[in-house]
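First to last, the sequence lines map onto chains A and B.
Per our numbering, the very first residue in the first sequence carries number 1444; after that it's consecutive.
Per our numbering, the very first residue in the second sequence carries number 63; after that it's consecutive.
Watch out, some of these pointers could steer you wrong.
As the list claims (entries may be wrong) - Here are the simulated DSS-like pairs of lysine-lysine, each with C-alpha atoms no more than 25 Å apart in a straight line: (1) 1481(A) with 437(B); (2) 1481(A) with 355(B); (3) 168(B) with 301(B).
What the hints assert, rightly or not - Here's a subset of chain B near chain A, in silico, CB distances under 7 Å, partners left out: (4) 216; (5) 220; (6) 353; (7) 354; (8) 434; (9) 438; (10) 490; (11) 492; (12) 496.
Claimed, not checked - Pairwise CB distance ranges, derived in the manner of DEER restraints: (13) 1550(A) with 306(B): 56 to 66 Å; (14) 433(B) with 1568(A): 27 to 37 Å; (15) 1548(A) with 479(B): 51 to 61 Å; (16) 84(B) with 1566(A): 46 to 56 Å; (17) 1549(A) with 84(B): 49 to 59 Å; (18) 433(B) with 1584(A): 48 to 58 Å.
Don't read these hints as lab results, they were simulated from the structure.
These figures come from a predicted structure and were not determined experimentally.
We put the beta carbon where it would ideally sit given N, CA and C, even for glycine.
This is what each chain is made of:
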Amino acid sequence: MEEEILYNQSFQIRGRDFVNGGSVSVQIKRILKELGVKPEVVYKVSICCYEAEMNVIMYADLGTLDFTITFDDVIITLEDEGPGIENIELAMQEGYSTATPEIREMGFGAGLGLPNILKNSDDFKINSEVSKGTKLFFKIHLN
Amino acid sequence: MNERISETNSHSIYFEPSKCNGDMVCLKACPVEAIRIRDGKAKMLEDKCIDCGECVKVCKLGAIVPLTNTFNDFSKFEFTVAIPSLALYTQFDRNVRPRTILSSLKKTGFDEVVDISRACVSVIKATGKYIKENTGRKPLISSFCPTCVKLIQVRYPELIENLVPVMSPFELAARVARKDISARLKIQEDEIGVIYITPCPSKMIFIAQKSEDYSSSFDGAIPISEIYNTLFTAIHHIKGSHADEIEYFDISGFGLNFARTGGLEFMMDNDNCITVAGINNVLFILDEIEKGKLNNVNFVEMHACPESCLGGPMTVENVYIARTNLLNLINHFGETRIPVGKKDDYTNDKLINENIFEHIPGEKENNDIKSALHKMMEKKKIFAGLPKTNCGACGSPTCETFAEDCVNGEVKMLDCIVKENEMLKQRISNIEFGTQSE
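Chain A on its own, in the form it takes in the complex:
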C-alpha cells in the first residue's frame, strides 16, 4: 500500500559549497522540531541528512535531496551528479574514505559518512554508477 505523503520538499545541494555545508539538514531539522517530532528521531534524521549532504559537497557536483514525511516515517532520497562510488562495499566500511588531503584537513572525510547513515536509519539503500552519480535512499521511523 502506498503511504500517504503528508509533506514533501526538495533541496538543491551544490558540490564544493562548504560555506553552506549543513544548511539543508538544519532546515529539515527545524521542520521536524516545529512538528513536535521526538528528539531521538530528530537527532537521527539530522545526522543522516548531514552526512548525506556533506557527501554531495565533498565529492559530487550537484545533488537533489527529497524530503518526505508520512504518518510513520521520514523518507529521504538524495540523487547526485558526480563521480559515483566504485566499490560500495568498501565505502560502507568505517574508516574507508577517498577524500583528498585538502578535505581531510578541513576535518571531513573520516570515512564515517555512509556507515553513520546506515547505523542511524531504519531502512537504507544505495545505488551508484561510476562517473554518473549516486542515489541514496533512507527511512527513519517516527515512532
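For this one, chain A is given, so just place chain B on it according to the hints.
Below, chain B without anything else, positioned relative to chain A:
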C-alpha cells in the same frame, strides 16, 4: 519559596502586571521570543522561557521580579549556611580579599559560610576525566549554567545527551557542608538551611528541582544585589577596626578560574575546547552544533551571561571591573595548576549523575503529525501576508511569532496594525468612491 516556584510556574522569574506599562523593552530583549504583550501587559510563555534573565536586566519598572529569597525566609532554620557564588568575590574593591568578604558575610547573620573554590577544583577534575574518557557524542557541553541547560532542554532536546552530567561545585559544596555540619554540631540535616548567594535568578530552577534522580541540597538563594548593601557595611566595619575577626578560609586560586570565561577550558588543560558566553552567542553555537560543524571539538564551555556569572543580572559591580578583580585575585593566590598533594575533601563524593537532565517537553511535543503539519502550513500562509517589519506593535515580537499566535487563536489578523491600516484605507476609499458615484 521553592513551593512558590512550583505553584505559580516552574520559572525563576515572575511578571508583575500592576507594575507593567506594556512598553516593549522586554519583548525585544527576549532571545527566545517567550514574551507577549497582551492587554497592555507583558506575559511570559512558560513553555518557551529559559530563565536567562535578559528581561530582568532591561525592565526599568521592576515589573519582572526574580523569585529568589530574602533573609527572612530562613528564620525557621536552626542553623544557616551561606554558600556564595565566586562572583561575590569580585563585587568589591580589589583590595578586599575573599576571606574578608566571607567573614563579613557571616557577620550579616549566617551561622557559617562556605567557600566553593576547592569544590570547583574537584568538579573540574571530574569533568576533565569525563571528557577524556568520552567515546560517545561530541562536543560535550558544560552544564553549570542553569540557563544554558534549560535552553538545551527546551529548544535543543536532541543535545541533552551532550551535557556533561557532573554535579556543579555549588551543589557539591552544599551537600558536603550539610553533612559535615550535621555530624560536627549534632544538628538534624533538615534543620540546617543552606543558602546560595546568587548572581542570577536561574539558579533557582536547579534549587527547586526535586526528583527521584536529583534533588538540590540548597534551601533557597539570595541575590548578590539583595545582600550587597548590608555586606558592604559589614566589610567596612571589619576592615576598619575588627581585622582580628577575619577568619581563615582555605581558598584555591586555581579554583577561582572557574568563575571566569574560559576558565574551565584553562583548568582542564584540554586543547580542543571552545568557550562561548552571552546568550545570543550561545544560541549561535548551539545552531552550529546542530549543523554538525563542531563534531571535532571535545568540549564547549557555555555561559548565558557575558563574562559568565560575573555578568549575572543580580550582580552589582560592572562586569569589566569584576573581571579585572577576578584576574587580580587569581594572580594573588598564584596557583596556575591543579594543586597537587593537597587533601581533597570532595573526591569521595559521587559527582556524576547521568539522570540529572530530563527533556522538558514544550507545547509542541505531540504525536499528531497531521494537525501539526496543518498548523505549519497555516502559519506559512499567514506569515506570507504579513508586512515582515517585526515592529512588535501587535504584542508579538516578530511577524513570524505573530503568525504562530494567530494559528493558535491568541490573536486575530487585524491585531496587526499594518493590516488594520490597509483595511481601513480600503474602507475609506470604498466610502469615497461610493459618495462620488451617488
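Here is what the structure says about each hint:
At roughly 18 Å between alpha-carbon atoms, residue 1481(A) and residue 437(B) fall within 25 Å of each other, so this suggested pair holds. For the hint pairing residue 1481(A) with residue 355(B), the CA-to-CA distance comes to about 22 Å; that is within 25 Å, so the pair holds. Among the hinted pairs, residue 168(B) with residue 301(B) is consistent with the structure: their alpha-carbon atoms are about 14 Å apart, no more than 25 Å. The beta carbon of residue 216(B) is not positioned within 7 Å of any beta carbon in chain A (closest approach about 11 Å), and the interface hint is therefore violated.
At a threshold of 7 Å, the smallest CB-CB gap from residue 220(B) to chain A is about 4 Å, leaving the interface hint in force. Because the smallest distance between the Cβ of residue 353(B) and any Cβ of chain A comes to about 3 Å, under 7 Å, the interface hint for this residue holds. Given hint, residue 354(B) at the interface with chain A, holds; its Cβ is 4 Å from that chain's nearest Cβ, closer than 7 Å. This hint holds: residue 434(B) has a C-beta 4 Å from the nearest C-beta of chain A, less than the 7 Å allowed.
This hint holds: residue 438(B) has a C-beta 6 Å from the nearest C-beta of chain A, less than the 7 Å allowed. Evaluation of the residue 490(B) hint against chain A yields a violated restraint, the C-beta minimum of about 39 Å exceeding 7 Å. Hint status for residue 492(B) relative to chain A: violated, with the closest Cβ pair at about 39 Å, above 7 Å. The beta carbon of residue 496(B) comes no nearer than 45 Å to any beta carbon in chain A, farther than 7 Å, and the hint placing it at the interface is violated.
For the pair residue 1550(A) and residue 306(B), the beta carbons lie near 59 Å from each other, so the given range of 56 to 66 Å is met. Distance hint check: the CB atoms of residue 433(B) and residue 1568(A) are about 31 Å apart, consistent with the given range 27 to 37 Å. Taking the beta carbon of each, residue 1548(A) and residue 479(B) are about 53 Å apart, inside 51 to 61 Å as hinted. Taking 46 to 56 Å as the suggested C-beta distance range, the pair residue 84(B) and residue 1566(A) conforms, at roughly 53 Å.
The hint said 49 to 59 Å for the Cβ distance between residue 1549(A) and residue 84(B), and at roughly 50 Å that hint holds. Distance hint for residue 433(B) and residue 1584(A): a CB-CB separation of about 20 Å, inconsistent with the stated range 48 to 58 Å.
When held up to the earlier numbered hints, the structure conflicts with 4, 10, 11, 12, 18 and fits the remainder.
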